[in-house]
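Chemist: Construct the complete structure from the given sequences, taking the supplied hints into account.
2 protein chains.
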Amino acid sequence: MNTNLSMFADLYQFTMMYGYYKTGKMDDEVAFDLFFRKNPFQNGYTIAAGLETVIQYIQNLSFSESEIEFLKSTGIFQDERFFDYLKNLSFTGDLYAVPEGTIVFPNEPIIKVKTRLFEAQFIETALLTQIGHQSLIATKANRMVKVSKGKPILEFGARRAQGVESAVLGSRAAIIGGCSSTSNVKAGKEFNLMISGTHAHSWIMSFESELEAFRSYAELFPDQLILLVDTYDTLKSGLPNAIKIFKQVFKKHGKPQKYGIRLDSGDLAYLSKKARESLDQSGFYDAIIVASNELDEYTIRELESQDAKIDAYGVGTKLITAYDQPALGCVYKLASEKINNKWVPKIKRSENPEKITNPCLKKVVRFVNEDKNEALVDLIMLEDEKIPSQPFEVFDPIHTWKRKIVQQCKWFELLQPIYLKGGLVYQSPSISEIVDNVKENLDQFSKEHKRFSKPHVYHVDLSQKLWDMKMKLLAEIK
Amino acid sequence: MNTNLSMFADLYQFTMMYGYYKTGKMDDEVAFDLFFRKNPFQNGYTIAAGLETVIQYIQNLSFSESEIEFLKSTGIFQDERFFDYLKNLSFTGDLYAVPEGTIVFPNEPIIKVKTRLFEAQFIETALLTQIGHQSLIATKANRMVKVSKGKPILEFGARRAQGVESAVLGSRAAIIGGCSSTSNVKAGKEFNLMISGTHAHSWIMSFESELEAFRSYAELFPDQLILLVDTYDTLKSGLPNAIKIFKQVFKKHGKPQKYGIRLDSGDLAYLSKKARESLDQSGFYDAIIVASNELDEYTIRELESQDAKIDAYGVGTKLITAYDQPALGCVYKLASEKINNKWVPKIKRSENPEKITNPCLKKVVRFVNEDKNEALVDLIMLEDEKIPSQPFEVFDPIHTWKRKIVQQCKWFELLQPIYLKGGLVYQSPSISEIVDNVKENLDQFSKEHKRFSKPHVYHVDLSQKLWDMKMKLLAEIK
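Protein chains in written order, with this note's numbering: chain A, 1 to 478; chain B, 1 to 478.
Simulated from the structure, these hints should not be mistaken for lab results. Heads up, a few of these hints could be off.
Copies of one chain are not kept apart here, so a pair can be met inside one copy or by any two copies together.
[Claimed, not checked] No farther apart than 25 Å at their CA atoms in a straight line, the calculated lysine to any residue pairs in the SDA-like style are these: (1) K355 with D443; (2) K273 with S432; (3) K355 with E208; (4) K454 with D324; (5) K38 with Q325; (6) K470 with E212; (7) K309 with Q281; (8) K38 with T74; (9) K189 with I58; (10) K410 with S292; (11) K38 with S453; (12) K72 with K189; (13) K252 with G75; (14) K450 with Q78; (15) K355 with D324; (16) K470 with S209; (17) K410 with Y21; (18) K189 with I68; (19) K470 with L424; (20) K439 with R403; (21) K338 with M471; (22) K309 with L361; (23) K342 with D27; (24) K244 with R349; (25) K236 with C409; (26) K236 with P353; (27) K87 with M194; (28) K38 with T299.
This structure is a prediction, so every number in the text was calculated from the model and none was measured.
Modeler: Given below as structure tokens:
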């Protein structure tokens with residue numbers, strides 16, 4: 001996925017860039033914030049992901065001759081010098097972002113872009129697409145991990161994804177969210193992910209009998225022996241055949257490193273219990289039972305609450321497409337513009353109050369109780385504002401009577417420098433470092449904030465100065 | 001999107017290929033069917049799409065050294081000669097498919113692969129992903145087109161797609177489904193699609209006032225003048241400012257080729273009527289009103305039923321992600337295997353009756369009433385079965401008492417040869433030819449089958465011979 005994606009932008013980015021060029025505004029310094037307005041899936045938080053592909057995108061920004069020719073052919077851009085600026089386009093400014101795996105919340109900037117209007121405008125589409133998609137899948141995966149009581153969640157969704165790239169980057173995001181492995185070999189290679197998989201129904205069907213298919217498979221893979229038992233009849237055929245094979249393998253090769261069955265249809269709670277009984281009766285206490293078939297976090301939770309005898313869950317469609325909410329809905333809004341060498345805050349009003357933007361150059365500071373190591377509030381502040389000395393009071397930006405005292409807290413800024421003056425100053429962490437980051441981040445939140453159903457709403461407040469500025473600007477709009 | 005996707009497969013495809021190699025089955029000839037089990041979105045039909053990328057995928061099949069090394073490093077494949085077969089992998093058999101834009105129905109094969117088991121198994125994942133995704137989006141787009149009463153549907157979803165490729169191929173599918181244009185420049189270039197777009201809120205916000213922003217825009221694009229009017233206040237600010245600008249432009253340049261406003265928030269029915277009134281009062285009868293903001297086919301239908309004064313709809317998230325059903329759920333099932341030079345039918349049973357597969361080498365024949373040019377039934381037949389002479393009777397494969405006489409019908413086969421003996425024998429049509437194909441296809445279906453709500457269920461039946469064979473095989477499974 002290293003291809004040059006420079007042409008990936010909405011047409012209006014190009015028309016606006018042309019407009020900024022023609023009106024002499026292209027070099028104006030501006031600040032844009034990327035954020036989302038609501039946690040997906042009624043989850044209490046969102047896991048940020050996608051920064052690595054954003055960096056790749058920015059590193060590879062450049063237009064080929066044929067791309068320039070295509071843009072010329074649209075007839076939209078009359079002034080040919082515009083294309084010279086496009087040809088020389090690269091990212092020359094600052095970009096701050098939360099590292100992948102950071103727990104984030106609605107309305108706080110997860111990327112802040114501070115650069116020339118020309119390029120800040122241009123990168124909007126690609127940033128939104130990549131961060132939105134990958135954060136969504138990471139969060140969805142984490143919901144499944146949350147309810148599986150420590151049992152591995154295996155990502156199996158490649159065939160049901162919205163295209164190949166969506167499957168590959170989705171696998172990576174699923175691992176970030178806590179999945180143990182993916183079936184997607186391309187993703188495994190590109191991102192160094194654990195891959196897993198055994199065989200499909202077609203393997204069974206291509207042999208004269210199920211037993212023969214199992215036996216052949218066992219001879220080839222005696223140490224990784226997960227047999228799919230539902231091609232003809234799970235309890236009457238698949239399971240007894242699998243047990244026969246396990247006996248043969250134990251006799252011939254000894255105990256496999258890993259062995260068991262996969263259930264892929266029918267009543268998984270019932271079948272898993274029946275299968276567990278039969279396996280145990282034959283002495284195969286450590287044979288594992290993998291279950292799949294349109295699983296999502298709700299079904300997994302249901303199965304766990306029924307004490308289903310399932311040791312690992314394979315999830316496909318519902319994870320890789322984030323089935324019940326397939327878009328996070330990230331937005332990218334102008335927050336400030338440097339006019340006559342002075343930063344001027346910008347705001348967008350809206351009929352829908354939740355769509356009013358937060359103006360100004362900002363930073364996001366997380367305050368974490370030192371004793372409990374428990375996050376108390378994220379405070380969105382002016383970029384140059386001093387961190388107040390504790391104790392101090394914060395308040396909900398809408399229901400301003402909701403107030404809270406911040407004390408005995410350590411704090412840190414969420415947004416880290418990724419680009420400074422066009423130079424990449426950030427070393428992307430490995431996948432396992434990102435996975436660790438998720439765990440460390442989650443450790444800093446209370447059970448109530450992480451709860452599966454109706455979680456506590458985490459506080460994201462504005463500093464008094466920012467709030468005052470926002471109110472002032474809203475009052476000024478006629 | 002021409003990259004080599006050879007590594008894009010579930011790991012179990014590789015383990016099974018290894019198994020087929022080790023058990024001497026790799027060269028067995030087999031037939032697989034690709035199909036889906038349910039029309040998406042409760043629509044009465046599905047529009048097939050994705051064949052062009054499937055062809056690209058097959059044309060580019062080949063493993064690089066680093067890919068082979070990666071597979072070796074997994075430690076799963078003990079016999080090194082396997083990798084020589086992988087290195088030489090190419091598609092050597094036959095592949096039949098319905099052309100893009102064909103109207104298709106549940107359970108009928110839309111791709112039939114007839115080749116060596118080794119390669120037939122391998123291509124499963126990529127075929128499912130590409131056909132599933134693109135057919136889904138084409139169908140979703142068509143639902144929006146269906147309810148908009150001829151008003152253009154503009155695809156705006158790039159930023160909300162599940163990744164860049166999903167946005168690009170989704171745009172193409174949206175155009176196949178009937179959208180008029182896309183905002184996605186990359187898709188426009190790669191597939192020769194009409195692109196459209198004007199400006200965003202950030203354009204307005206980057207100027208000192210809305211009026212100044214409009215004026216600058218109008219000076220640059222006096223002939224493509226769609227002004228976004230909701231940055232501050234649609235009726236109090238955006239609309240009167242737009243009208244001022246239109247007056248100035250008319251005076252200075254004459255009437256623009258295209259001009260109007262875009263509404264992007266608030267009550268679109270109400271605002272469009274208010275806007276229409278004001279524009280008409282100022283004499284701008286042909287100013288168009290574009291509406292956007294989380295639109296889907298239900299909202300568009302609602303707006304139309306309220307006689308909203310909207311001339312074009314911009315749709316984003318809900319189309320590009322197929323929001324209410326983000327996966328079609330295509331499957332790929334073994335139908336037959338050549339054993340001792342004789343084709344042996346294969347079937348998969350299931351606890352869920354709808355998941356039982358149709359065995360045998362098959363063809364799909366559509367019977368269309370000659371007088372009315374109206375499709376009557378799709379008949380799935382044995383590949384070598386003769387088309388019966390009319391009149392003849394067909395019957396529902398589940399409720400066999402539901403019968404129907406086929407008479408005075410022309411017929412044609414849905415599956416066309418794409419590859420024969422590994423050679424590409426198909427010339428992919430242009431996008432406009434595919435769009436025409438959709439129209440011609442839809443013309444052959446009754447209004448009841450195309451109805452938006454609770455459409456007639458179109459008959460997809462099995463020939464008597466195929467049905468008999470299926471019953472026989474089911475009875476034989478112990």
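Chemist: Each hint: holds or not?
Modeler: Hint check results:
1. K355 with D443: Intra 31 Å, inter 43 Å, cutoff 25 Å: neither.
2. K273 with S432: This pair counts as neither: shortest intra-copy Cα distance 34 Å, inter-copy 55 Å.
3. K355 with E208: between (62 Å within a copy, 21 Å between copies)
4. K454 with D324: both (17 Å within a copy, 23 Å between copies)
5. K38 with Q325: Answer is both; intra-copy 11 Å and inter-copy 20 Å each pass.
6. K470 with E212: between (72 Å within a copy, 23 Å between copies)
7. K309 with Q281: within (14 Å within a copy, 71 Å between copies)
8. K38 with T74: Answer is neither; intra-copy 37 Å and inter-copy 40 Å both fail.
9. K189 with I58: both (22 Å within a copy, 20 Å between copies)
10. K410 with S292: Answer is neither: 43 Å inside a copy and 44 Å across each miss the 25 Å cutoff.
11. K38 with S453: Within one copy, since 16 Å is at most 25 Å while 31 Å is not.
12. K72 with K189: For K72 and K189, the Cα distance is within 25 Å only across copies (11 Å; inside one copy 39 Å).
13. K252 with G75: between (74 Å within a copy, 21 Å between copies)
14. K450 with Q78: Classified as neither: same-chain Cα gap 54 Å, cross-chain 44 Å, threshold 25 Å.
15. K355 with D324: Close inside one copy (23 Å) and across copies (23 Å); limit 25 Å.
16. K470 with S209: The answer is between: 18 Å across copies meets 25 Å, while 72 Å in one copy does not.
17. K410 with Y21: neither (45 Å within a copy, 60 Å between copies)
18. K189 with I68: Between copies only: 10 Å across chains, 33 Å inside a chain, cut-off 25 Å.
19. K470 with L424: neither (32 Å within a copy, 62 Å between copies)
20. K439 with R403: Neither way: K439 and R403 sit 29 Å apart in one copy and 60 Å across, limit 25 Å.
21. K338 with M471: within (20 Å within a copy, 76 Å between copies)
22. K309 with L361: Neither: 53 Å inside a chain and 39 Å across chains, both beyond 25 Å.
23. K342 with D27: Only inside one copy: K342 and D27 sit 14 Å apart there, 72 Å across copies, limit 25 Å.
24. K244 with R349: between (69 Å within a copy, 21 Å between copies)
25. K236 with C409: neither (61 Å within a copy, 46 Å between copies)
26. K236 with P353: between (60 Å within a copy, 17 Å between copies)
27. K87 with M194: Answer is between; shortest inter-copy Cα gap is 23 Å, intra-copy 40 Å.
28. K38 with T299: Close inside one copy (24 Å) and across copies (21 Å); limit 25 Å.
Hint check: violations occur at hints 1, 2, 8, 10, 14, 17, 19, 20, 22 and 25; the rest are consistent with the structure.
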